[in-house]
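Okay, here's what each chain looks like letter by letter:
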Amino acid sequence: MLFLSGIVVWLAGAAGSLALWRSPALARRVGCGAALAGSLLNLAASMAALFSASPTFIGLPFGNPIFTWAVRLDPLSAYFNVTLSALAAAVALYSFGYLREMEGRRNLGAFGFFFNLLLMSLALVFTASNAFFFLVAWEVMALTAFCLVSFEHEKEKTRNAGVLFLIMSHAGTGLLLIAFLVLASESGSLDFTSFHLLASSLTPLQQGAIFLLFLFGFGVKAGIVPLHIWLPEAHPVAPSNVSALMSGIVIKTGIYGMARVFFDFYGAPPLWMGSVVLGLGVVSALVGVLYALMEHDLKRLLAWHSIENIGIILIGFGAALMFRALGQANLAALALIAALYHTFNHALFKGLLFMGAGSVVQATHTRNMEKMGGLIRRMPVTALCFLLGAVAISGLPPLNGFVSEWLTYQALLAGFGTTQSLTRLMFPVAGSLLALTAALAAACFVKAFAIPFLALPRSEPAAEARECAPSMRAGMAALAAGCVALGLGATWFVPVFDPITQQALGVRASAALVMARGWALSPGTAHGGTISTAGMAIFFLLAGAAFALPLAIRWRRRSVKGPAWDCGLPGLTAENEYTATAFSKPLRMIFSALYRPRREIQAVYKVSPYYPSAIRFESEIEHSIEKRLYGPMRRRIMAAANRMRGIQAGSINLYLAYIFITLILLLLFGVRK
Amino acid sequence: MENTAQLFLLLALSPLVTGVIRTLKARLQTRRGPGILQPYRDLLKLFRKGVVIPETASWIFTATPWVVFFSTILAGLMIPMVAADAPLGLMGGALAVIYLLGLGRFFLALSGLDSGSSFGGLGSSREMTISALAEPAMMLAIFTVAIGAGSTSMTQIAGAAIGQTWRFLAPAQMFAFAALALVLVAETGRIPVDNPDTHLELTMIHEAMILEYSGPYLALLEWAASIKQLVLMTLLINCFWPFGLQPTWFGFGALQGIGWLLAKLLLLSCAIVLLETVNAKMRLFRVPELLAVAFTLGSLALISTFLF
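From first to last, the protein sequence lines are chains P and G.
Residues in the first sequence are numbered from -16 upward in steps of one, following our numbering.
Residues in the second sequence are numbered from 2 upward in steps of one, following our numbering.
Hints in this document: simulated from the structure, not taken from any laboratory.
A portion of the hints provided could be inaccurate.
[To be verified] In silico DSS-like pairs for lysine-lysine, Cα to Cα no more than 27 Å straight-line:
1) P:Lys544 x G:Lys50
2) P:Lys568 x G:Lys50
3) P:Lys140 x P:Lys610
Predicted model, so just to flag it, every value in this text is computed and none were measured.
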C-alpha cells in the first residue's frame, strides 16, 4: 500500500506541477514537495519489503494478457528502491533551492512533471516483474530522462547530447527486447518469475547470445566502456539536480538489470561470462578515471567518474559470476555484496558531488574549474560536503567507499585459490588495476576539490560567490551523513544483504562477515583480514579531542598570518597558482599513448620572441574510442541511410505496396502451424 | 599495554631511524654529518617555534598535519613490530595500512595546493602521480604475500612467516620483496625518486608540498614522515625476514624482539643508504619506468607462486 501511495503521490506531483506551470513558485513547491513525499513513502515501503520474509506482490485489478500491472518487491528490487528513494529524497530537498533561480526563466511546471515521472518510472523499473511492463517503464524512464537532460535546450550542445543519449538508449532497448522475446518464447510467459533459472536451461549458444544481448543492452544504460560515449556528454549538460539523479541512480538501472539477469535468470553461468564482465569492469574503471583526470569541466569530470565506479561495481559482479561458475557460493556472496554495497555508496557520494558541483556552478556561472578557486571561504558548507564526498569516492578510510572497495579486494584475493587454471591470474591483475584506479581517483579528487575550493579565486564571479540556499545545503548534508554512516556502520549495514544473497545464491553471508560483536568486518573467508571503520573513527575522534584540539588552541596564540612564502617570491596572485591542467600534466605525459595530446602555443610579439605581448595556448586530448570506434561506424550508417533514401519516394501507392509485400512475407514465413 | 608500547616505539624510534640513515649517508660520502640525534633536536626546536599561516590558506592547512600524523600512527599500530600480534590488527590489515597512508597523502596534497603557491601545487601533482603509479606494484606484492599467508591480516602474514623462517628465499617472495622495496623507495620519497634533503624547485616533491609549513605544524609533518618511513620499513622487514619476531608482547621476549627489530632496521637502513649513495636522482619522467620495473617484479612474484 505504501508503495502504491508513493506512486500516486509522484503522479499527482507530476500532474499538479504541470497544471500550475503559470505560477512558477507554486509549481516548484508542488513538484519538489511531491518528489520528496513520494520518495519518503517509497523508502518506507521498500525498507519494509527488504526485511520481510517473502517477496511482496502488489497487484491492481486491471490489465490484459500482454500488459499486466505486475509489481514485485523482492529483496533485490527493494534494495535498489531503497537506493533510489534515499537519493531522490535528498535531491528533491536540494531542488527546492536549486530551481528557485530558474523561476520565471524556465517552465518549472514541465520540470516538475518530468522529474516526478522519472522517479515513478525508476521505481517501476526496479519492481516490474513482467518483461513487457518492465520495458514500458524503461522507456518512460528513458524519455523523461531525455526531456530533463535537454531541459536547457536552447544550447546546441545540450540538444546534441540529449539526442545522443536517446539514440544510444534505444539501441540498448532494442537488444533487451530481443533477449526478452527469446526468453519469453522459451517459457511461454512474459512474467519474470517464469524466467527464474530459465536461461541456464538453454543451449550454450543461446545462453551466450542472450547473455551478450543483456550485457550490452543494460551496459548502454550503465555506461560501460565502450558503450559509454553518451554519458560524459549528457550528464554535464543536464541541470545539476538531474545530473545527480542520472549518475546516482538512472545508470544503476543497468546494474539492476544485470543483477536481475545474472543472478535470477541464470543458474550457474559458464566461467567465460564472469571473465567478460570482470574484464569490462576493469577496462571501464581505468578508462573512466584516466579521462576524468584530463577534464577541467567539473561536471564532466564527475561524469567520467561514474564510468569508473560502474567499472568497480562490474568487477564485483564479474567475480561473483566466476565464483558461481566455480561452485563457491560463499565467495560469490562476498563479491555480490561488494558490488551492491558500492552501488549504494556511489549513489550517495556521486549524488552529493553533483549537487555540490551544482551549487558551485550556480554561484560562479561556469563549469570550468580553472575559473573557480577559493570557494571554501565563500561556501564553507558546500566545501565541507564536497570534501566528504571526495574522500568517500577516493575509497579512503573511514568512509563508505573504502568499505566497498575493501570488500572487492578481499573477493579478488580469495579468488586466486578457487581454481588451478590460468584464469585465476585474472583476480590479482584485476586487483592491482583496481588499486591503480583508486589511486588515480584520489589524484583526480585532489584536483577536483583543491582547484575550485582552495587557494585564491581565479575569476571575478568566484571571488564574489555566495553560499547556496539552506535547502540545497540540507540535501547535500543528508547525503554526506549517509556517506559517513555507511562507512562507520558497515557491520550494521551488511545484514541487509542477507535476503538478497539468500535469494540469489542460497547463502546468508552476514554472520561470517560481522566479527567482534559488530566492531569489525571480515570477508568471511578462512583467513580473512578485518577492518573496523568505526574503530578508526573512534581513534581519530579520541586523538583529535585529546591532543589536536588543545594543542591547536595553544599554537593558535603563537601563530601569525602572513603572505604565502612561495620560495620568497612576493605578491602571490591567482595567475601564479597551479591550474587543473598543470596538475594533471605528469599523467598526461605518462599516458600520452592513450591521450595523444595535442597542444599549440602561439606567442604574439612586437620586437623579439623573448618578449611576447600575448600568448595563446591550446591543448587538447584525443578521445580514441569515439574517434576510432564510433567514427567509422557513424560514417557507415550515414552512407547506408543515404542509399536507403532511394526507397522513400514519397508516393503513397509505393508505401502501400511495401506494406502489402511485408504482409505477404510475414504470412509466408512468419506464421507457422 | 602493547598499544602503548608500540605507540611509544613508533614515536620514539622514528626520528632515530631518520638520523641513522642521514649519518650513515654522510659517512659514506666522507662527511661528518649532524649526528644521529639531530632529528630529535629539530623536532624539539620546531615545537617551540611560532607558526606562520599563509593568508591565502583555509582550515585545510591547519587540519592536514593532524590528519597526516594520526592516520600514520594508526597505520603504524596495525603492523607487527616486535610481536606477530599487531596491536590494532583487528582494525585493519595490509590494505587498511595502505589506504590510511593514502588518506594522509590526500590531505597533504590538498594542503600543498591550499596556499596558492605554485610550488605546493607542483609537489602535490607529482606526489599523487608517483603514488598512483606505485600502487599496482604494491598491490601485486601484497597479493603475493597474502596468498602465501592466506590473509591480508598483518598478524597472520607475520605469523605465517614465523613458521617458515627461510621462506623469503623462495622465488615468489624474493620478487615480491624486490617489488615492495622499490615501492618503499618511491613512497618514502628517497633517491632515486625524490631527494629528502633537497629544496631545489625543480626536483622536490614531498618538500614542495610542506614548503609553507612552519613551527609545530612542520614538526608534526616531519615526524609523520619519519613514522611513515619506519612503518613501511617494518612492514617490509617483518613480512619477509621474520627472524626474532615474538608470538606476543609479553615478558622477556619483547626485549629480545626489540633487539631483533633494531638490528633488522639497521640492516635495511644500510641498504637504503647504499642505494641512495650510488644512485643519482632520476628525472621525474623516468620514475614511471622504475615503477614499471616494480610492477613487472610483482607480476613475476605472482606467477612464481604457482610455478615453484
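Hints versus structure:
1. P:Lys544 x G:Lys50: Measuring from Cα to Cα gives roughly 15 Å; hence the hint holds.
2. P:Lys568 x G:Lys50: 37 Å, violated
3. P:Lys140 x P:Lys610: 18 Å, holds
Hint compliance for this structure: hint 2 is the single one not met.
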